[in-house]
Amino acid sequence: MTTWFNHVVAPVLQQHLGDSEYINGPNFTATDVYVGFSLFVAETQLGLLQTHKQLKAYLYRLMARPAFQAALKGWQ
Amino acid sequence: MATGISVKDRRYFLTVYNNCFVGSDAVTWLVQNTHAQSRKEAVLLGRAMVKWGFIRHVEGDHTLKDMTLWYHFTNKKLGASAAGISPTETASTANNGSSNSSSTASLSSISTSNLNTLRSRASMVSFAPSSSSNSASLNNLSSSLSMSNLASLASMAARSASQPIQTPARMTPSAEVVSSYRALAQVGAMQQSKSTNDLHAAAAGAAASASASASASASTPRFVPPVIGGVTATSRDIAPFLLWHIPGSRSSRVLWLAYELDVAVEVTPMKPEHLKRPEYLAINPNGSVPAARHGDLPLWEGGAIMEYLLKFAALDSAKFESKSTPGAPPSPASPLQPPEWTQVNWARHQMYSYWSIVTLDEKLFGFGSSRLTNSTSASYALV
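For the record, the sequence lines run as chains U and P.
Under my numbering, think of the first position of the first sequence as 1270, with each following residue one higher.
Under my numbering, think of the first position of the second sequence as 25, with each following residue one higher.
Just so you know, these hints were derived from the structure itself, not from any lab.
Each hint should be verified, as a subset may be incorrect.
Calculated pairs, DSS-like style, for lysine-lysine (alpha carbon to alpha carbon, straight line, at most 30 Å) [what the hints assert, rightly or not]: (1) 64(P) / 32(P); (2) 75(P) / 32(P); (3) 300(P) / 1342(U); (4) 335(P) / 1342(U); (5) 295(P) / 1342(U).
Quick caveat: nothing in here was measured; it's all calculated off a predicted structure.
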């Protein structure tokens, strides 16, 4: 799974993310919710984001959102 | 259909299958006779026929596929007349100027027999009551929802008949029958108008309208599902959005989005061991979270629910905006609606998220792709 994530998933996400704040550019969209939760599980349950600093920073931006904290209270 | 395609005995090695036809022939026939606009749509239609037992793979191994697989017509009758669905179709295809009465009569027999089949099958696609709905309206809902499957099937007939659907005078229809006429009529109308809706959407609309007209008095306005950019007034505006949620699980996505969109949610917390209990399977036949219910609309699968939330929020913000600036056209999208290119890439994101949705679930919680059923695609079609 680690290989899959590193070679398939992460590059695609990285490419979409680029240098922007969120996956679709500067604004938060529903796509961020969809992708963000996957990243959240990847990070918290599997520690897959260790080598992906940009994705990790992106995830932490998402986790800072009040709605995220309300929805995942106690799971961070 | 039985008369339009080559039905004969075929031999596979030493086994002879009597009176069977080839799947791809059936698909071709459905397309050529404009019952379906594409082969893909024809396959969906054929699957519905298999699902409801009108045709069957010779070994029962396959649903209808656009392939050289062999199928039988079963003896099951859709109408009161002899040969399955073919009477309606042949009557209308053979002679477009055929009398109103024959088309209407076969339509009526379809919808009454629909209802009879449905009563026995309603339990398959039934949905549990939300705390606010009573069991009577629930029955209506479940029967009309399962009817939507048959309604899509019967929409062929409705479309090819292209007659206003009337209640024959000698029949004394119950309220349910009347509502099913309406549903059929609406499906037919949607098919005839050049809307791009596929069969599922048409069926969903029919189901929604039927449930509304069945639960309320016949004169009340039809129930119309929310449409982006359209103007609709629905009972869902005031209904709470109910969500079945396992904290920390996939359903958190839906909850998160709901909070982002400021949609009021009533959460029913669940535990993994409750998922396969019958009372929950009645809410979501897949036995998974998230499941949601908005008014009389049951929803499951996170992606579908999220799409629904976005549409609903768009509708809401459109109302708000047109209220603040009178005459302004309603906004086409909610604030969080992903931009254009994402409409394509959204699917890709979902695909790339597959590793987490299915594989990861399988690893962590012991269930994965097995959770997906046919009803999942139906849920996507609803939104």
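Outcome of the hint check:
Distance check on the hinted pair: residue 64(P) and residue 32(P) sit about 25 Å apart at the alpha-carbon level, within 30 Å; holds. Of the pairs offered as hints, the one joining residue 75(P) and residue 32(P) holds, with about 23 Å between alpha carbons and a cut-off of 30 Å not exceeded. A distance of roughly 25 Å separates the Cα atoms of residue 300(P) and residue 1342(U); the hinted pair therefore holds under the 30 Å criterion. A threshold of 30 Å between alpha carbons decides the hint, and for residue 335(P) with residue 1342(U) the separation of about 26 Å falls inside it, so the pair holds.
Between the alpha carbons of residue 295(P) and residue 1342(U) the distance comes to roughly 16 Å, so the proposed pair stays at or under 30 Å and holds.
Of the numbered hints given earlier, the model fails none.
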